[in-house]
Amino acid sequence: MEKFEKLTGIAAPMPLVNIDTDMIIPKVFLKTIKRSGLGVNLFDEMRYDREGNEIADFVLNKPQYREAEILVAGDNFGCGSSREHAPWALKDFGIKAVISTSFADIFFNNCFKNGILPIVLPAEQVEVLMKDAEKGANARMTVDLENQEITTSDGQVFAFEVDAFKKHCLLNGLDDIGLTLEKGAAIDSFEAQAAQARPWI
Amino acid sequence: MSPKTLYDKIWDAHVVQQDDDGTCLLYIDRHLVHEVTSPQAFEGLRMSGRKVRAPEKTIAVPDHNVPTTADRLQGGMNEESRIQVEALDRNAREFGIHYYPVSDVRQGIVHIVGPEQGWTLPGMTVVCGDSHTATHGAFGALAHGIGTSEVEHVLATQTLIQKKSKNMKVEITGQLRPGVTAKDITLAVIGATGTAGGTGYVIEYCGEAIRSLSMEGRMTVCNMAIEGGARAGLIAPDETTFEYVKGRPHAPKGAQWEAALTWWKTLYTDEGAHFDKVVTLKGEDIQPVVTWGTSPEDVLPISATVPAPEDFTGGKVDAARRSLEYMGLTPGMKLTDIEIDTVFIGSCTNGRIEDLRAAAAILKGKKIKDGMRAMVVPGSGLVRAQAEEEGLADIFKEAGFEWRLAGCSMCLAMNPDQLAEGERCASTSNRNFEGRQGYKGRTHLVSPAMAAAAALTGRLTDVRELI
Ligand code: SF4
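From first to last, the protein sequence lines are chains C and X. Its first residue numbered 1, the first sequence is counted upward by one per residue in the working numbering. Its first residue numbered 202, the second sequence is counted upward by one per residue in the working numbering.
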């Protein structure tokens, strides 16, 4: 997995609440058996009309946000299905961090597995970042994972929380299957003990 | 020992290892797999030369993509769907996991097949690359959805890296009134808590109204825990649960059954255990409900009127405005004046035998409104067979419903069953998101009885007027 250390980039504002995984990547695009190539269909129904033409006033179609790497979004981002196609599509488009007041649980986890950093901040701070993002391409925001800080284009700094293990994996680009396989002995002994306690499983 | 919740007990029984910061390696007893969220996980195993650690605990069934028409075995499937279903066929064979192919009468929606075959048992940890895995919580199993990377992690290690959620209690006291069902309970709870109300929690549903539900009803309630944001929903197992499980193909037998039962009977929340959040609703207060918007929290009793954006605060004002425009509704109109053109009865929320019985009871001897497109999609081949035996299929067909084969169908528009632009559906599924049932399709979530009532009248209808 790609490492995430420090990112300075354009942030796109999406103040809508409850942006669900069907909005992020409509299910007609889930019939792939690969992980890549979903970026062109990110936010498809908001981004294109039925004929496939871009809808000019959708944020990621605006010239200043086409290269966005950060999303600042309304409450409860990523609710809905467990499908990892949502973070795959974000990642494929180039989004590396999403900031909101809250995320749906499964989506939040899925982000970390794909090198995307989801950041939860209080409503007042998200509002400040939203305003900053609205300034367009010149307003580059910095997300520093090591120091757990976001810096706005005009130098305001907000600290954020992140789970220590997830941070470690993200900073080092670690695949957690490999890490867990190293604990094989512990899994073996758990299985042996569970087979005694609950033999019917 | 300090008193524990049901969630605490199941969690504690499955911790393989715990780090200082609370991160746990949790053992997974059952892993359910379907065709949409698994191909990349199997591919990942292949690329890294890993194998499935416990194939005997892994069960696969195709459901999301498969057409539900009779011609589906004769090439009625489109190219991309076929590729995913074939990939599942191949992966199941290659990695040696249990598999129910499309041609098997036991095939159906993964969350219906698991319990039906006795794979889901009380006290287990159950995962699936699908958010509605919460359904299995009805058995007092800790069950939740995972993403594809986690599917790969479980395939390779039979564990998940998890932090414990907080405990939330949702109590439904007293009894439901006639015409009110498990679906109304679960929607009413989301209406009360919001779609993020359960975020960070595992919900235990309890109270007299929950105890009185059948296993089918309990599955409906837990199914939508995720729509309230919770990681999982749980209901403590009791005689109703044991009765349902007993004799199923993969349920324990003989001495094993007795041993299992002894443990299962300890699976309840101890007196005085701590809940971080408590929500209580009175069963008598719950009415048949419908959704008016594009989030499952947009719930109102059928007797209400469409709200205005100004009725809300914060970000919800804009969201409501967008929803109303999408849904083509005007504030102030009566919900019962909303005309519908499509009815869908099915999904892992309401595709079980009891759901079909409830709908058939309303439809018996009647005809659906002229021009209405109505379909029933049983949740599994076995539900379908049982409904045929009970004569329910005939009631549906005589009323004018299409009688389909098992699958996810119009719950999610990934197969040929979809809404066309602007079509409006009374649906027994669980999500009313924009485009969920088809591009620009409009969804009103309801119970099976309410869906049947709407099919008869051609508008959203209070089923209590028909019983
Ligand atoms: S019926 Fe609907 S919600 Fe259930 S598993 Fe299938 S697509 Fe998901």
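Watch out, some of these pointers could steer you wrong.
Said to hold, decoys possible - Now the in silico label distances, taken between C-beta atoms and shown as ranges: (1) Asp154/C to Pro256/X: 54 to 64 Å; (2) Val40/C to Asn279/X: 19 to 29 Å; (3) Asp49/C to Arg378/X: 38 to 48 Å; (4) Lys483/X to Thr8/C: 46 to 56 Å; (5) Ala197/C to Lys367/X: 20 to 30 Å; (6) Ser203/X to Gly39/C: 42 to 52 Å; (7) Glu280/X to Pro63/C: 33 to 43 Å; (8) Gly178/C to Thr467/X: 32 to 42 Å; (9) Ser203/X to Asp49/C: 35 to 45 Å; (10) Pro256/X to Gln193/C: 16 to 26 Å.
Unchecked claim - So these bits of chain X aren't anywhere near chain C, every CB distance computed over 10 Å: (11) Ser203; (12) Leu274; (13) Gly297; (14) Gly375; (15) Lys447; (16) Leu482; (17) Gly484; (18) Glu526; (19) Met576; (20) Ala594; (21) Ala614; (22) Glu622; (23) Glu635.
To be verified - Stretches of chain C that chain X covers, calculated by requiring three or more beta carbons in the stretch to come under 8 Å of a beta carbon on chain X: (24) 23-29; (25) 72-82; (26) 110-121.
FYI, nobody ran anything at the bench for these hints, they're computed from the structure. Idealized CB from N, CA, C, for every residue including glycine.
query = Can you list which hints this structure breaks, lowest number first?
reply = 9, 21, 22, 23
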